[in-house]
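Chains as they are written, first to last, in my numbering: chain A, 38 to 444; chain B, 38 to 444; chain C, 38 to 444; chain D, 38 to 444.
If you're looking for bench data, these hints aren't it; they were derived computationally from the structure.
Being a predicted model, the structure only gives us computed values, none of them experimental.
Using N, Cα and C, we set each Cβ at its ideal position, and we do this for glycine too.
Careful, some of the hints might be misleading.
[What the hints assert, rightly or not] Listed next, the stretches of chain A that the computed footprint assigns to chain D, with coverage defined by at least 3 CB atoms under 8 Å from CB atoms of chain D:
#1 77 to 86
#2 219 to 230
#3 418 to 425
[Claimed, not checked] Simulated restraints on C-beta separations:
#4 D:Arg309 x A:Gly85: 30 to 36 Å
#5 D:Arg309 x C:Val78: 48 to 54 Å
#6 A:Ser359 x D:Pro225: 55 to 61 Å
#7 D:Arg309 x A:Gly435: 17 to 23 Å
#8 D:Gln161 x C:Ser400: 34 to 40 Å
#9 A:Ser359 x D:Gly98: 37 to 43 Å
#10 D:Gly160 x A:Gly435: 46 to 52 Å
#11 C:Asp238 x D:Asp363: 51 to 57 Å
#12 D:Cys356 x B:Val194: 43 to 49 Å
#13 A:Gly85 x B:Ser227: 48 to 54 Å
Protein chains: 4
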Amino acid sequence: MSFVLQFPPAEDKSPARRSISTTDALALAEPLALELAATAVARDQAGGHARAERELIRNSGLLALTVPTALGGLGGSWPTFYWVLRRLAQADSALAHVFGFHHLQLAGVQLYGTPEQQRRLLGQTVQKGWFWGNALNPLDKRLIAIEAPEGYRLDGVKSFASGSVGSDLLTISAWHAATQSPLIAIIPTSAPGVTVNADWDAFGQRQTDSGTVSFDAAHLLHSDVLQPPGVTATPRATLRSQIAQLIMANLYLGLAQGALQEALRFNQQDARPWFQSGVGASVEDPFIQHRYGEFRLLVRAAQAVTDDAAITLQQALDCGSSLTSDERGAVAVAVAEAKVLSHRAAIEVSSQLFELTGARSTSARYGLDRFWRNARVHTLHDPVDYKLRDLGRHALTGAWPEPTAYS
Amino acid sequence: MSFVLQFPPAEDKSPARRSISTTDALALAEPLALELAATAVARDQAGGHARAERELIRNSGLLALTVPTALGGLGGSWPTFYWVLRRLAQADSALAHVFGFHHLQLAGVQLYGTPEQQRRLLGQTVQKGWFWGNALNPLDKRLIAIEAPEGYRLDGVKSFASGSVGSDLLTISAWHAATQSPLIAIIPTSAPGVTVNADWDAFGQRQTDSGTVSFDAAHLLHSDVLQPPGVTATPRATLRSQIAQLIMANLYLGLAQGALQEALRFNQQDARPWFQSGVGASVEDPFIQHRYGEFRLLVRAAQAVTDDAAITLQQALDCGSSLTSDERGAVAVAVAEAKVLSHRAAIEVSSQLFELTGARSTSARYGLDRFWRNARVHTLHDPVDYKLRDLGRHALTGAWPEPTAYS
Amino acid sequence: MSFVLQFPPAEDKSPARRSISTTDALALAEPLALELAATAVARDQAGGHARAERELIRNSGLLALTVPTALGGLGGSWPTFYWVLRRLAQADSALAHVFGFHHLQLAGVQLYGTPEQQRRLLGQTVQKGWFWGNALNPLDKRLIAIEAPEGYRLDGVKSFASGSVGSDLLTISAWHAATQSPLIAIIPTSAPGVTVNADWDAFGQRQTDSGTVSFDAAHLLHSDVLQPPGVTATPRATLRSQIAQLIMANLYLGLAQGALQEALRFNQQDARPWFQSGVGASVEDPFIQHRYGEFRLLVRAAQAVTDDAAITLQQALDCGSSLTSDERGAVAVAVAEAKVLSHRAAIEVSSQLFELTGARSTSARYGLDRFWRNARVHTLHDPVDYKLRDLGRHALTGAWPEPTAYS
Amino acid sequence: MSFVLQFPPAEDKSPARRSISTTDALALAEPLALELAATAVARDQAGGHARAERELIRNSGLLALTVPTALGGLGGSWPTFYWVLRRLAQADSALAHVFGFHHLQLAGVQLYGTPEQQRRLLGQTVQKGWFWGNALNPLDKRLIAIEAPEGYRLDGVKSFASGSVGSDLLTISAWHAATQSPLIAIIPTSAPGVTVNADWDAFGQRQTDSGTVSFDAAHLLHSDVLQPPGVTATPRATLRSQIAQLIMANLYLGLAQGALQEALRFNQQDARPWFQSGVGASVEDPFIQHRYGEFRLLVRAAQAVTDDAAITLQQALDCGSSLTSDERGAVAVAVAEAKVLSHRAAIEVSSQLFELTGARSTSARYGLDRFWRNARVHTLHDPVDYKLRDLGRHALTGAWPEPTAYS
């Protein structure tokens, strides 16, 4: 029966096919996470660019996590990467986002770039410790590319450019009027004519360096074009948006886990029992226990489905260029499931936790509201209702989510 | 059958038994609400004491809203007061709280005070434009009263004293060791030995002036004692906590309404349709329409039940000293229903609205997150789960909520 | 501000403007409700036509409840009618539906009929104790009317004809091909060519007599046509669908109340405490108390909003023929709110109650599952998601629900 | 950090360690499931003992699924067993329960029995095709064992004895007054003094043969006692209740999947689009798509967590007698998570599906209400609120669920 076939028993779910194991990667991430956590409340309040913390990330070696070992990287699998990302997001979801989007750009090079581009760009990323930012957003057609000698001239702006402030390289999309299609390319952030404006002012995810990037007659070299105008992406290349969506899911999940952890700590150490509860400690209150049970389920379900989605994604990537549209669609469904569940876990735990930690936990010195603010801002990347629509439509009609920058 | 009798058809729900009508009171409140709204985002970001805005409230004449006409007040009924409170909370829930707690103190004088105290204290409130703050919290036994000539000597502290910064008078409770019971009294904020510390630092409701009040050998006059130590409150007097709880409910409801209003405005004026929606305007997106339908239900249900609770409260107050414990219990049930529904409407609308207004609405310049932060901080006054317990216990066993400072 | 004006304080909510008071009408209904309750479980299991119980209803005098006193009826207001309906639905939602739809047909005569038709049809309903059934469903165009001497010839079928089995008169709609529009009329159930088939086989609401009615060259007299073909209904006439929708809402609410009542009784009398609860009686279990608190809120919110909607409806009816489309729209919004809240209260209480009453309560001898089965079948009359869409669309764009047979 | 360690990446999740693979076991189950599905609606309406269908199960060979290959069985792992169970529950959750509880009894022999008992009882189960029933319920102390020659004399009753009608052997617990403790044993259903009463009359799970078993001076042999009175169960032996709980979870999950599948089929084949939807087919309605997205998430999350729990359980069983209390506790947490999520998926999908399939789907001929009735009755085995309490308590205090017959 189709239902059984649709969700087969996982005969092999092992994510550890690449050089560095999940355990070793998490060991690299742990001291970094602790350092980020120690200053997360203060930096959330300050906002702005976290130069020092970006150096901590750079020094951890984890910027090379997803670069193949053949190019000098750690060769971590995508499941391994997502576990690391989630660990960092528990501590600081803004810098985790910067970290995650760095690797998204590296994935873009792997999916869209020629072997030469991969060697050159990924190799130098390892050697020079480059930090990448994102200015790719095909829906935004305000950046225009026109032919110029040995490449293109770029004029216009890109907004919501995550990690752009302080980056070394940017991935961009630009609208090519002649073909009525976008090109995808990379450009050094320091290139003449490129200006990054630190104008991100959302109430959460304050240190994601998601500024607006202006291009004023910037020159793009042919050799830095990953996908020329007029070319249709392969199913495999369109996995880039699935990698991005699963970065979101893992950031949400990390936020949910971090919020849950901090809330538990507050109840264990700082909360007082309600005077009508009849118990001697907040952690013994039956209603508080019951609601933590609900939190745990939210987080646990999101985690199980998100872990499965990472395995499905890796399997699809391992198919290489032979990946079919149907196989790509199955990834999109798995990732959409993970994203909605993680989204909800993050929003619900981060908002409801205060009903268990109580009035005193709202003091600014604890900064406990940062989880909700971060989750709230970050979960708006694309509308959750369209993810649900995609999931239901697939169940009803078999149609896969259309490959877009968001699905 | 008991169910029918329990919820009889309202033969007369008219709240307008007092001198000023709801319509006229709302007309007084409207310009005040608009002035508060104009600066609410900026003041939320600044925090601290809103001296100028408290003067606007004072100048509106609404500090006398619940003072009987015989004592020079406007004689507004409690339903009228709650409508005004809710209107102000739509604009600025922090100053609405200060306004609401001012009237709670006046209610305390009416419920606990002698006729002489009522005449003197309420009369002068009208004449001198006094603003009252709250330092009554019987659970907090850190403020000690010991006998002193012509009164008591007060030493200790009260925290979470709403509206204390900038107030003229305070209502206090103090622990009287000899009788192992609290006394309830009023004291001028400027009395020697009384110090108000502007140390409130929660992440929401930032301008409620809810500081810590220190008492260092402050002198309390016998004539300012509303309830001496060792005296048991009458059922009628214990309605003070119901007035307070219904203030909370109306503040939450106003927050929910304000959040809904701002969200609708954003979708109408600033939001863009999602590129997959197939519609030309955000307000035509079926999923956005559907979810606003949910918001509307949350707010509408809370409003209907909260309005009914105000009528039930007024009827109980109109019973005067003959009010029975059962009648008092029925008020407590009605108010608990209102409080839980309003609590949830405020939290859910203020958190979920962003899924409809989208990523751009998180810019700090809109300040849309203030609704959630305000609602989140304010709804922690006492645990919602114990309200639900009280409601279910009553349905199962007939037991009324125990009269406490919270129920 | 629009929000305040939209939900004005109810200056006069008194429903008792008509001859019989709510209290007196409920007194008439009470013995009837008790008699229906006594056999409800057995009749739910048997299904089929409840001839004896329909006679009980007839003998109660309540078939004349909404007929104006000038025509010999009890002159009950619509709020009064809905309270009676709800009381009956607590006991037996199938027969309550038959009772409610009888009055819907009488409303149709009042809204669409000429003064002569009203006098004749309503007057005889009182005198002869007629029971009316429904075969009006404009979406279903399978019943065709063609001109015939002194009227029309009717051929075709109507399904879901509530109360048709055992009725004296039917309201029908029929499609008139010449004008491409429906006519609305009444016809005696015993008229030649009319056959009622007792073929209703849903798993709930089993005794609603909602059969299929076949018409085989049945003759319809001009004098029995309430709305001829080609005539557009006035805003006032379209209130018929609002009366119907509010019948649904009150049936759902009665179901929710009945389920809650039976569940409470079970916990009070028959349930055992869970062995890990540490309490001596099921009613003292904190989790059970908490969840009954939730049930109470579901029911209470639905009741408050449904009561308000009945008042809004009555006010609109009292406007007479001057009712505007906007005023009609406000009724549709109020009724939609009531319908969704009551729908959910009925479904959630009737499904969840078993988690509190426990395994033993599933024995067929209690018949406790009938509430869910009845609510489930009955709440599918029209999709709840379109009600939510209508509510949200109104909030976003100001558009009223389109007047249809369902909104 | 503890959170990461608590949920480590699954390095090896392969369930296929035993002789028969999941794929092969599902292939055996598939024709059986189809045969059960073909008559499920009719047999749900008839209730009673499904003799013919029990023979189908017996003939499938799957009664030996969990018997070790060394004893002649198929040697299926527990993850494999749960996949088979779930497949059968999609088709017929009553007979799937009978099947599941048969294997629970076999597990009891493996966990409590001596090597000799295992050889004898499991070996003969394979050879003779025995079907086992359950009369083990330590909370129920009405069955009394007193010493008798070569064993015990049994007097009293056991209720809710799943699969007892038509069984060959029963597992029983009996209260031993002298030691104030239960013994656990097996007894042939046909033994003198044992009477099975087919008195199960719940409104769902109607063919589970869960009758009351009476014992009137029945003789129990020492050689058939699995756990003598006065002996404390090892952590490993107490896994029996986890096997039982995970049977529940998989039955609920199968119910949810079966309900979802039937609902999808109805929308695909039989439903009509709502007249206001603007689409040509029900499956294209955006609200219907959105809600199926929700269903899918409910089912998917439950499935992912339930599959993980089976792996955790198998790992614990593979530890053998060295299993610690902490390791046992981790299984209890994993299984509790699975049970709550599956419970909710089953109840919510089976209740809500009708809002998508519409009024026509309530006809008794489709029998679609059986999913809710079955899920509703079956999910009351033990209260879900105590599972949530256990999960939250563990998160707050580290305490494991206490080993009982339910946790």
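The hints, checked one at a time:
1. Coverage of the stretch 77 to 86 of chain A by chain D is violated in this model, with 0 residues showing a Cβ closer than 8 Å to a Cβ of that chain against a need of three.
2. Remark: the stretch 219 to 230 of chain A is not confirmed as covered by chain D, as 0 of its residues place a Cβ nearer than 8 Å to a Cβ of that chain, below the required three.
3. A stretch counts as covered by a chain when three or more of its residues have a beta carbon under 8 Å from one of that chain; for the stretch 418 to 425 of chain A and chain D the count is 3, and the coverage holds.
4. For Arg309 (chain D) paired with Gly85 (chain A), a C-beta distance near 57 Å fails the hint of 30 to 36 Å.
5. As the Cβ distance of Arg309 (chain D) to Val78 (chain C) is approximately 34 Å, the hint placing it in 48 to 54 Å is violated.
6. For the pair Ser359 (chain A) and Pro225 (chain D), the beta carbons lie near 59 Å from each other, so the given range of 55 to 61 Å is met.
7. Roughly 20 Å separates the CB atoms of Arg309 (chain D) and Gly435 (chain A), a value that falls within the hinted 17 to 23 Å.
8. Take Gln161 (chain D) and Ser400 (chain C): their Cβ atoms lie about 36 Å apart, and the range 34 to 40 Å holds.
9. For Ser359 (chain A) and Gly98 (chain D), the Cβ-Cβ distance of about 39 Å falls inside the hinted range of 37 to 43 Å, so the restraint holds.
10. The hinted range of 46 to 52 Å is satisfied by Gly160 (chain D) and Gly435 (chain A), whose Cβ atoms lie roughly 48 Å apart.
11. The supplied range of 51 to 57 Å is met by Asp238 (chain C) and Asp363 (chain D), whose beta-carbon atoms lie about 55 Å from each other.
12. The hinted window of 43 to 49 Å between Cys356 (chain D) and Val194 (chain B) is violated, with their beta carbons roughly 56 Å apart.
13. Separation of Gly85 (chain A) from Ser227 (chain B) is about 42 Å and departs from the stated range, judged on CB atoms against 48 to 54 Å.
Hints 1, 2, 4, 5, 12 and 13, counting from the list given before, are not met by this structure.
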